[in-house]
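S.K.: Listed below, chain by chain, are the residues.
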Amino acid sequence: AQKVTQAQTEISVVEKEDVTLDCVYETRDTTYYLFWYKQPPSGELVFLIRRNSFDEQNEISGRYSWNFQKSTSSFNFTITASQVVDSAVYFCAETTGTASKLTFGTGTRLQVTL
Amino acid sequence: NAGVTQTPKFQVLKTGQSMTLQCAQDMNHNSMYWYRQDPGMGLRLIYYSASEGTTDKGEVPNGYNVSRLNKREFSLRLESAAPSQTSVYFCASTWWDSGANVLTFGAGSRLTVL
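Protein sequences, first through last, are from chains A and B. Reading the first sequence from the start, the letters are residues 1 to 114 in my numbering. Reading the second sequence from the start, the letters are residues 1001 to 1114 in my numbering.
Read the hints as simulated data drawn from the structure, not as lab findings. Note that this is a predicted model, so its numbers are computed, not measured. Among these hints, one or two may not hold up.
Unchecked claim - On the chain B side, residues computed to face chain A include the following (Cβ under 8 Å):
1) Pro1008
2) Leu1043
3) Leu1045
4) Ala1082
5) Asn1101
6) Ala1107
7) Val1113
Claimed, not checked - Calculated pairs, BS3-like style, for lysine-lysine (alpha carbon to alpha carbon, straight line, at most 30 Å):
8) A:Lys70 with A:Lys3
9) A:Lys38 with B:Lys1071
10) B:Lys1057 with B:Lys1009
11) A:Lys38 with B:Lys1057
12) B:Lys1014 with A:Lys3
For every residue, glycine included, the Cβ atom is placed at its ideal position computed from N, Cα and C.
Based on the sequences and whatever the hints tell you, model everything.
M.R.: As structure tokens, then:
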């Protein structure tokens, strides 16, 4: 069965600090997809990134970067120079290649203060 | 574009009452999903509809029924609400049921069962 673990329940940082959110997944599938979603205080779910199991390249988008390592079954998310607007709950999720049914982690609440 | 629209946004029920959560998407998507979000548990799949005319159980289907009314609409019904169904419910949709596709989520419906 698929499982996604986000061991960090809550993280507090001061603005401009870098922060890494951990995600560890379990799957027996050869083809799978990994996702990160952001849930700001307003409650909606905002898609951040999708990565397939055949693409281990790291990705950078502005202040956001993602480190995908199949050897450790991890897909970690780093925010560089955090800002107050980054305060949210962040979910990591996984699905198989054949279906869009996401398995979510329990989420990490990030609090960025001035 | 409205995307995925859920109604109602908030609802309070008494134990044993019934209600239907409505979901509609205007993106011509084929696949639709219902998730529930509980504190500390992430999002869990209740039911999904891979295409018009089909529905399948997800991880936590007990106590719920669904109807794929047409391609646009996918409703979730609680026949006899229980306090354990107090949660935030999210509807989502995507082009077709494949891991490569990104889910678009609605804004959520907060349900409280007293």
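S.K.: Hint numbers the structure violates, sorted upward?
M.R.: Violated hints (numbers, rising): 1, 4, 7, 12; every other hint is consistent with the structure.
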